[in-house]
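Each step along the sequence shown adds one to the number in my numbering, with nothing skipped, and position 147 is 156.
FYI, nobody ran anything at the bench for these hints, they're computed from the structure. There's no promise every hint is true.
Claimed, not checked - Below, in silico cross-link-like pairs of lysine-lysine (PhoX-like), each with a Cα-Cα straight-line distance of 20 Å or less: (1) Lys155 <-> Lys138; (2) Lys145 <-> Lys156; (3) Lys138 <-> Lys49; (4) Lys12 <-> Lys51; (5) Lys41 <-> Lys12; (6) Lys53 <-> Lys41; (7) Lys41 <-> Lys51; (8) Lys145 <-> Lys155; (9) Lys17 <-> Lys41; (10) Lys53 <-> Lys12; (11) Lys12 <-> Lys49; (12) Lys99 <-> Lys17; (13) Lys53 <-> Lys17.
Since we're looking at a predicted model, the values are computed, not measured.
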Amino acid sequence: MGKFDSYKIDLRSLPLGVSERSFLLDNDFFAKVEAEEIQKGKLKVDLLINTTEASFEFNFTIEGIAIVSCDRCLDDMELPISTMGRLIVKLGKEYAEEGDDIVIIPEEEGSINLTWFMYEFAALSIPLKHVHLPGKCNRDMSSKLKKHTAKTEDDVEDFGIEDIVVTDDNDEVGDVDPRWDALKNLKEDNN
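Please work from the sequences and hints to get the whole structure.
In structure tokens:
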């Protein structure tokens, strides 16, 4: 038995009309998929399958929590997932994708494994930027990152820590090095 056999649906055994299935995508599922975007989580998948003479329409509703790495501090963070997906499956001579949501499955095979489709629907609902709420990032990592990045008012708010000024020898001090004032004056003169 393969590691994803429980997510396989025998199309020929589906009755005409609407049928339902449900799946739980947990840490074990994400470890087996071995993809980068989601590595842990607990997602419930409710699946409605509308079977007709010509095709199978799969309607996915996925809800739960995905654990992803924070883009800023790299610690794990919980990200709520609530998404829907649709897939049309038809039987044909050989496997083919006729668009973003239409798949042809070989008639002699007669089954579809939904593992990757469910993972993709969940992963595509994750925003490009995922960071902890202000003040929730790992303070040690935020402090180190802050030492090596240019600061804006938004950054100070995002990190949730006080301004840190660093001199050439990486000592934290309260005053700004006077050489920065000279550079700032040059910038203002050019404007």
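Taking the hints in turn, this is what the structure says about them:
1. Lys155 <-> Lys138: 18 Å, holds
2. Lys145 <-> Lys156: 18 Å, holds
3. Lys138 <-> Lys49: 18 Å, holds
4. Lys12 <-> Lys51: Satisfied, since the Cα-Cα distance of roughly 18 Å is no more than 20 Å.
5. Lys41 <-> Lys12: 7 Å, holds
6. Lys53 <-> Lys41: At roughly 17 Å apart (the allowed maximum being 20 Å), Lys41 and Lys53 satisfy the hint.
7. Lys41 <-> Lys51: Holds, because 14 Å separates the two Cα atoms, which is no more than 20 Å.
8. Lys145 <-> Lys155: 15 Å, holds
9. Lys17 <-> Lys41: Given pair Lys17, Lys41 holds - Cα atoms ~15 Å apart, limit 20 Å.
10. Lys53 <-> Lys12: 19 Å, holds
11. Lys12 <-> Lys49: 17 Å, holds
12. Lys99 <-> Lys17: The given pair, whose Cα atoms are some 15 Å apart, holds under the 20 Å limit.
13. Lys53 <-> Lys17: 16 Å, holds
In summary, the structure agrees with every hint in the numbered list given earlier.
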